[in-house]
Amino acid sequence: MIEILRAGPLTTVQDLGRPGWRDRGLSLCGALDEFALQAGNLLVGNPPGAAGLEFTLGPATLRFHADACIAVTGTDADASLDGRPLRPWWRQRVGAGQTLKLAAPRERMRSYVAIAGGLDLPPALGSLSTDLKGGFGGLDGRALRDGDRLPLKPSPALPARTVGMRPPEWTPVVRALPGPEHEDFTTAAREAFWATDWAVTPQSNRMGYRLAGTVLERERGEELASHGVLPGVVQVPPSGQPIALLADAQTTGGYPKIAVVIRADLWKLGQLRLGARLRFVPFTPADALAALREQRLLLDQIRMAL
Amino acid sequence: MTTLSVHALGEAALCCTLPAPLSLEQQQRVWQLASSLADRAGVQELIPGMNNLTLVFDPLRTEPTELEAAVQALWAKPLRRQQAGRLVEIPVTYDGPDLGDVASHCGLSADEVVRRHTQGQYVVYFIGFQPGFAYLGGLDEALHTPRRAEPRVAVPAGSVGIGGAQTGIYPLATPGGWQLIGRTSLALFDPHATPPTLLAPGDLVRFVAASE
Chain L
165 MIEILRAGPL
175 TTVQDLGRPG
185 WRDRGLSLCG
195 ALDEFALQAG
205 NLLVGNPPGA
215 AGLEFTLGPA
225 TLRFHADACI
235 AVTGTDADAS
245 LDGRPLRPWW
255 RQRVGAGQTL
265 KLAAPRERMR
275 SYVAIAGGLD
285 LPPALGSLST
295 DLKGGFGGLD
305 GRALRDGDRL
315 PLKPSPALPA
325 RTVGMRPPEW
335 TPVVRALPGP
345 EHEDFTTAAR
355 EAFWATDWAV
365 TPQSNRMGYR
375 LAGTVLERER
385 GEELASHGVL
395 PGVVQVPPSG
405 QPIALLADAQ
415 TTGGYPKIAV
425 VIRADLWKLG
435 QLRLGARLRF
445 VPFTPADALA
455 ALREQRLLLD
465 QIRMAL
Chain Z
267 MTTLSVHALG
277 EAALCCTLPA
287 PLSLEQQQRV
297 WQLASSLADR
307 AGVQELIPGM
317 NNLTLVFDPL
327 RTEPTELEAA
337 VQALWAKPLR
347 RQQAGRLVEI
357 PVTYDGPDLG
367 DVASHCGLSA
377 DEVVRRHTQG
387 QYVVYFIGFQ
397 PGFAYLGGLD
407 EALHTPRRAE
417 PRVAVPAGSV
427 GIGGAQTGIY
437 PLATPGGWQL
447 IGRTSLALFD
457 PHATPPTLLA
467 PGDLVRFVAA
477 SE
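Chains L and Z supply the protein sequences, listed in that same order. For my numbering, add 164 to where a residue sits in the first sequence, where the first one is 1. For my numbering, add 266 to where a residue sits in the second sequence, where the first one is 1.
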């Protein structure tokens, strides 16, 4: 069992989300840096999509009431175990009674703790992800609070050697494909979208980042009928200030979509900090697929190396 | 036949849209297209919208151009005779805080608003916005009422409202601007049930006035 001594600003149980119910209005949810969660799981011998803990901007303290094997991934939060620095992106043994501390990260947004065996919580509709808006999944459908206790599944026997990996390189530059309504925007708007910086405003959350920058105007202005949207879609409401949708986004929307962030870069988007600046780079579908293949290959390599 | 335009929505989804005007027959063809694609390898999710369909697929298993060709081939098939949708009756206690405002906006008595609201047969066009939130077609024109000037900070789950030409039920507590005319005790969304929502696209809905 893990006891949450200090939960931090927004700590939730997340796996890779709850696909399959979007035609019923259920958001996908899931880890915003899905690469970090998957890598952490592989490091501790879990299936890549097992549920772990997602921390937002630290600082948090957890006490382990049983021996465990963990990996801390995502952004570097100066993790320490009983006051001794703990190497991020490495498999670590934790003894019963030990305390894991995460500090406020100096850059980026989210850190992950994967635990061998996984959390012993009841899945909702096939997933342990917390749906904050719907109020279900994870632990009672809410962010963790001080004093919460999370039961653990029995940890499988792991080889004693410690293993780890180099964290992937993060930049505030995400690659994206033009969206279905890209050509509806004025030439000036299209140029500004791809060539200028966008600031992540404080009115942002797990549903989406509201961005601030040049006002993007449309050439053609007819309203769109409500349609399905996905994490990574960049939509532009009448204010001309784009919204980049994230994992908790609602399933349908009505704004024109200027771009869609490629799947392989969704984790980079999810790691942007409020106030950070972001740049979109145009990409092609073929290159997007190659990038996705490369990312899957990297995860396969971690699995095979262990 | 209406032309279906198919656009890539990133590398892992297609957006299939129909030109205006919206119609129930087009929407029935959207549901038919969704169900005929459901078992296709690599297809992960089919999300009907208002006269459109978003299709999510695994791009490492499915070639988008092949998928698009399959979508167009299926779209060319005629509409099978629709089995009448499942009829769902929703008991409503018509005591909403805005019932009086709706009545005076429409120039009707509150009883007449209730009578007309319960007389309609509604169709679930699609689900969105919240888990189990149904976009219903079929509201009597005499009941169309603009949204409230000041949205409520919290609308309780189960509230039945009118917003413009739409009527619907809020599955979860949420901020909202619709005119609230009543409430139902039925759960529109239950994460412990499979399926988790009371309503699905294509269902028919009737509101039944519940006695206290």
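Keep in mind the hints are simulated off the structure, nothing from the lab. Where hints are given, some of them may not hold.
According to the in silico footprint, chain Z covers these stretches of chain L (three or more CB under 8 Å from chain Z) [to be verified]:
hint	segment
1	263-277
2	308-315
3	397-410
Just a sample of chain Z residues kept apart from chain L, beta carbon distances all over 12 Å, derived [said to hold, decoys possible]:
hint	residue
4	Leu326
5	Ala339
6	Asp377
7	Pro417
Here a beta-carbon is modelled for each residue, glycine too, at the ideal position from N, C-alpha and C.
**Report entry** Hints breached by this structure
**Finding:** 1, 2, 3, 4
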